[in-house]
Each structure stands twice: as C-alpha cells, then as structure tokens.
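**Student:** Going down the list, the protein sequences come from chains A and B. Anchor point for the first sequence: position 12 equals 12 in my numbering, and the numbering is continuous, going up by one each time. Anchor point for the second sequence: position 68 equals 68 in my numbering, and the numbering is continuous, going up by one each time.
Quick caveat, the hints were computed from the structure, so don't treat them as lab data. Note that beta-carbon positions come from the ideal geometry of N, C-alpha and C, so glycine has one too. Just to be clear, a hint being listed does not mean it is correct.
Said to hold, decoys possible - Footprint (simulated), chain A over chain B, 3 or more residues, beta carbon under 8 Å:
1) 205 to 216
2) 290 to 303
3) 306 to 316
4) 320 to 333
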Amino acid sequence: MKQLRASLGWEATILGLVVLALLGGALLSPDFLTASNLSFLVANLAEVALMALTMTLLVIVAEIDLSVASILGMCSSLLGLLWASHVPMPLALLLVLGAGALAGGLNGLLVTRLGLPSLAVTIGTLALYRGLAYAMLGDRAIADFPQTYTNLGFGNIPGTQIPLPIALFVVLALITAVVLHATAFGRSLYAIGANEVAARFAGLRVERVKLILFVLSGLMSALAGIVFTFRFSSARADNGAGLELSVIAAVLLGGVSIFGGRGSVVGAVAAVFLIGVINGALTIVDVSNEILTIVTGLLLIGSVLVPNLLARVRAARERRALLRREPG
Amino acid sequence: MTTRPHPATSASPGLMTRLLRARELTLVALLVLLLAVTGAINPRFLGAQSLRDLLLNVAIIALVVVGQTIVLLMRHVDLSVSSVVGLTAFLTGSLFVAYPGVPVPLAMLFGLLLGAVLGSVNGWLVAYGKVPALVATLGTLYVFRGVDYAIVHGRQINAANLPAPFLNFATGSVLGVPNLVLLVLALMIGFGIYLNSYRGGREYYAIGSNTEAATLAGVNVNRRTMTGFILSGAIAGFAGVLYLARYGTVDATAGTGLELQVIAAAVVGGVSINGGVGTLLGAGTGALLLGVIGSALVTLRAPAFYQQAIQGALLLLAISVDALLARRTARRLQEGSRR
Numbered sequence: 001m002k003q004l005r006a007s008l009g010w011e012a013t014i015l016g017l018v019v020l021a022l023l024g025g026a027l028l029s030p031d032f033l034t035a036s037n038l039s040f041l042v043a044n045l046a047e048v049a050l051m052a053l054t055m056t057l058l059v060i061v062a063e064i065d066l067s068v069a070s071i072l073g074m075c076s077s078l079l080g081l082l083w084a085s086h087v088p089m090p091l092a093l094l095l096v097l098g099a100g101a102l103a104g105g106l107n108g109l110l111v112t113r114l115g116l117p118s119l120a121v122t123i124g125t126l127a128l129y130r131g132l133a134y135a136m137l138g139d140r141a142i143a144d145f146p147q148t149y150t151n152l153g154f155g156n157i158p159g160t161q162i163p164l165p166i167a168l169f170v171v172l173a174l175i176t177a178v179v180l181h182a183t184a185f186g187r188s189l190y191a192i193g194a195n196e197v198a199a200r201f202a203g204l205r206v207e208r209v210k211l212i213l214f215v216l217s218g219l220m221s222a223l224a225g226i227v228f229t230f231r232f233s234s235a236r237a238d239n240g241a242g243l244e245l246s247v248i249a250a251v252l253l254g255g256v257s258i259f260g261g262r263g264s265v266v267g268a269v270a271a272v273f274l275i276g277v278i279n280g281a282l283t284i285v286d287v288s289n290e291i292l293t294i295v296t297g298l299l300l301i302g303s304v305l306v307p308n309l310l311a312r313v314r315a316a317r318e319r320r321a322l323l324r325r326e327p328g
Numbered sequence: 001m002t003t004r005p006h007p008a009t010s011a012s013p014g015l016m017t018r019l020l021r022a023r024e025l026t027l028v029a030l031l032v033l034l035l036a037v038t039g040a041i042n043p044r045f046l047g048a049q050s051l052r053d054l055l056l057n058v059a060i061i062a063l064v065v066v067g068q069t070i071v072l073l074m075r076h077v078d079l080s081v082s083s084v085v086g087l088t089a090f091l092t093g094s095l096f097v098a099y100p101g102v103p104v105p106l107a108m109l110f111g112l113l114l115g116a117v118l119g120s121v122n123g124w125l126v127a128y129g130k131v132p133a134l135v136a137t138l139g140t141l142y143v144f145r146g147v148d149y150a151i152v153h154g155r156q157i158n159a160a161n162l163p164a165p166f167l168n169f170a171t172g173s174v175l176g177v178p179n180l181v182l183l184v185l186a187l188m189i190g191f192g193i194y195l196n197s198y199r200g201g202r203e204y205y206a207i208g209s210n211t212e213a214a215t216l217a218g219v220n221v222n223r224r225t226m227t228g229f230i231l232s233g234a235i236a237g238f239a240g241v242l243y244l245a246r247y248g249t250v251d252a253t254a255g256t257g258l259e260l261q262v263i264a265a266a267v268v269g270g271v272s273i274n275g276g277v278g279t280l281l282g283a284g285t286g287a288l289l290l291g292v293i294g295s296a297l298v299t300l301r302a303p304a305f306y307q308q309a310i311q312g313a314l315l316l317l318a319i320s321v322d323a324l325l326a327r328r329t330a331r332r333l334q335e336g337s338r339r
C-alpha cells in the first residue's frame, strides 16, 4: 500500500511538472497554448509514446528491449519496399506487422529459451534489425505513398486538432492500462518482476509471459514504424535511429523501476508528455536541442536520485530520533 | 534474480579457466580463419597498409573496451563512454586551438583527467546515489553529449588546427606498427596484469560475482565502484584524445554510437553482462574480431549496408554459443560432484 502511494505520488509529481511546463511554455510565447501548436507538439510524440507502452510492460517484468527503434526502421523500410514493388497497401501493412511480431519473437525466444540477458540480446538485434533495414533500402528513400495513407499519418480527427496517430495511441494506452492494472495477466507481470523465482513457484508461466511481451513490443514497434512512415511520408533505413533511448528514458522517468515489479502506464505516458512538452516549450523560444538533451538526461537521473536521497535523509533522521530516545 | 549453479568442487576452477581459455582460443582460431579466407580471395587484404588501417580502427574501440570491461565485471555498465569520447576529443582540440604551443603529453593528460572527472560523476551516482548504472549512464550519455553540442555549437576542429607532432604521433609507427596500436596494446597488457594478479583487480571480479560476499570479505564496494567508473571515464577520455589525433576532424557527433560497439566487443570476447566473468585478453580479441569482420566485408565488396546486420547476427551467435557452453559445463560439473 505504501509502495502504491509512493508510486502514485511520483506520477502526480510528473503530471504536475507537465502542467508547469505547459504554463512555462505559455509564459514564454503566446502561441504556445494554441490548439495547432499543441497538436503539432503532441503528434511529434506519437512513435515514442506507442513504444513506451510495451516497454513499460517489459521493464515491469525486469527485461528491456533496446531493439525497438531498429524494428521501427526495419518495418518502415519493408513498408517502402513492399509499396515500391506494387504490393497492395492493406497486404503490405499486414506483412509489416507480421515482420515486427517476428522480430520481437526472435528477441523473446533468445531471452526465454536460451536464458540470455535481454540487454545483450537486444543490443545484438539493435544492430541486426537496423542492418536489415539498410540491406533492404540502402540509402534510398521511398516517398510516393498514396495520400489516403499519408493523411492517416499527419491528419487530424476531422473537425478537431487531435492528430490521428495520437487518437490511436490513446486507444492503445487505455487498453494497455486496463490489461496491466485490471487483469490477472497484468498482475502476473508485477509478480514476475518482483520475484521471478517466487512467481514460478506460484505457477506462473514466466517464459510464456515474457515471450508474449517481446512479441507485443515488436508488434508495437512495427506499428510505430508505419505511423512514422506515413507521418513523414518517407520510408528510410535510418528512420527512428536512436529513439530507443528516448523510449527507455520516458519509461524510467515515469517511475517504472529498472529492477522490475514497479510502475504504471500513467507514469510512463505522463513522462512521455513531460519530455515532449519541455521539448516544445524550449524549441518555441529557440532554445537549442542541446539544452533539451541535457534536460532529458538530468530528468532521468533525477527521477531515481532524488527519491533515493530523500529516503536516505529520512532514514538518518529516524535513526537520530531513535538514538535520542535511548539514553546512553 | 537468477542464481547460477555454483560448483563446489575443487576441480572446478581448473575446468572453468580451461573453458575460458578455450573461448579465447576459439576466437583466435576464428580470427585466423577469417584473415586467411579473406586474404586468399583478395590478397590486398593482408597488405601492410590494409592491416595498418585495420589495427588503427580497432585500437580506439579496444581501448574503450578496457574500461568497459572493468565496469562490466562489477555487473554495472557504462553507456556514457561514447559521449565522453566525443566531449574530450572536442575539448582537447579546443585546447590546441586556444594554446597552439601546448605540449602533446600535457594535452593527453588533460583529456585523461577530463574523462576521469566525467567518470567520477557516473561513479558517484552509482556508488553513493544508488542509481542503477544503466539509468545513471544513460542519463549522462545524454547530459555529456548535450554539453558537447552546446560547447561545439556547430563548429569543427580540423587537422589544420592541430600541431604537427600531435598528428604525427597518431600516424607514426615503430617497426611498422602504428604508435597508437603499441600504446593501446601496452595499456591493455598493463590493465590485464592488474586485473589478473593484483588485489584491487581481483576485487572487481569479487564484486561482480557476489557483492554481499565481497563486502563481508572486507572489500570497500563503494570505493571500488567509484574507482571502476573513474577508470572507465579516464580511459574513454584518453581514447577521445587518440580519436582526435587519428581523425584530425572532430565535430559534436564524434563517437556517437560507440557504446554499443564497445559493449558488443566485450560480450563477444566473453565478458559476462552478469558480472564477475571475463578477461581483457578476451575482450580485446572480441574487438579485433568485430573489426576484422567489418573490414573483411568491405574487402569482399559486401555492400556496406549488410555490415551492421552481420555484426549483429554475430553478436547474437557469440552470446548464444556462450550460454549453451556454460550450461553444458555447469551440468557436467554437477554430475562430476555427484560422483
């Protein structure tokens, strides 16, 4: 219970920071809180936000997937290649999603069947999948996607300023939140992350759960790849390069513990938005990208360091109080 | 929490070392095979110039791998090395721009100390702030790179800004072996002996194998962790100076992505990501193997685009084989102790 309160406190802090960043942006520029600016800002978060959902689940079971951005790039390249070879778009999209699930499945099999650490496995597949993306497209870019589909990428819900990819994200975030926080499957993730041996003895099929999560992570990265391709109307092998760090930074900043067993969808989503809003606020006043990079890094470190230091101060105070009570 | 089987027989250390040696032997055999096959297809691959370039390319990675290995042995990781390399390369270059007369050894010392300072930030966060190394060094990967971008501000250091003795140091050679390679080799051997035979070096293994046991045995874990990260930073800083000397041109993106190559080399070389296992000999061989594969692919005219995929597949193969071998050894040891 105490742990739940502590983690909710963290999420409230992050949400508070989002509001502060929004207000700060409004003070910096009157154009900041306009619907069109916010819409643009939020649309830029789409891919990271999508991949953060499944990354949250993986980190809760104490695994990690560094290959997400490479799967994004590979799927984007595959989509371009299929389209360029005149494969009908619906079929191409299905094949791309299948490729993503397959890529995630390979990660999952290596982790669960061979018992390899996911950090090492996904460093390998990070290179492998990005390499496959380059093998498919080289340094070509494929851009002639039909407008019906690119509209899905940078269009809004008709009559609103809500970008379509974000609408998709909201639906998936709700599903993820319900699955994680209100189903037996979701509860089992916390159990596995908190103590895998105990979870195994309790009859949970740890390997199968992890394999499912890796497949979902691959599937979500493929979806992010499709969104990326349509949003920029460009399939390139280097699409999304380096995004894995943004995704992991957001998940950890959102209060999901790297040691597993702790975290929530709300926290991770709030952290994605915090990074995005700060990004937007800083760019609107022409603060360069470098400051944003520094801020992201400091936020990430601070999100773990500050609670640690506070806990230590509290412990020291309790110890002193105890000593005072026992004379001599 | 996964507990690896701990064999309790007296014969186990011998077998364990034999297995590790076998692993390094396998890597060397693979290396020789690769060199021979590529050389047979294209004799120019084994030409002096080609081998020289190969060694120069591997030298800087191999150097950073030394620090990374020390950190990995303690079951930590240092993702920030690429940013440290980039930042020290540019700042050392700026030092030459500001004071053209600065002696080369002094500039090297500057890069080394700067790296040590950056490493001490990581060390403090991990040892005393109790921030997991993955989070701490992912954070500083961003922060150091951001600082680099802010300082560089679109500028560039060119070979024209650098003193001739500095550039000559990188390109010069003794008996045909580039200075850079000799220097890195000397450092690897020095650190190898330290890790293998000195109390301080063994403590890194002890911490990675079982932190509580190491604490009970009187190891000051926090101080050792701090030292490990400072060493990793200092070595990366020195690698930044060598990067500048080797390439002459440095902008804000220098060294980006290096951390993954470094970790890959260490892991291929048999350094366990779970701590406590691995040698510098193996890690260095791993770096060399990845480098040779890279340039063999170029020589064999494999499209450059396939390289990354092949390197990734190789890394996966290496760690998979390693896991299977370790499992088989563990089983054999268990059977042995039962008999």
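**Student:** How about the region 205 to 216 of chain B: do at least three of its residues have a C-beta closer than 8 Å to a C-beta of chain A?
**Tutor:** n = 0 at 8 Å, threshold three: violated.
**Student:** Tell me if chain A covers the region 320 to 333 of chain B under the three-residue, 8 Å CB rule, please?
**Tutor:** holds (count 4)
**Student:** Do three or more residues of the region 290 to 303 of chain B come closer than 8 Å to chain A, measuring C-beta to C-beta?
**Tutor:** violated (count 1)
**Student:** Test coverage of the region 306 to 316 of chain B by chain A using CB-CB distances below 8 Å; three residues minimum.
**Tutor:** With 10 residues closer than 8 Å to chain A, the region 306 to 316 of chain B meets the three-residue bar; holds.
Hint violations for this structure: numbers 1 and 2, all remaining hints satisfied.
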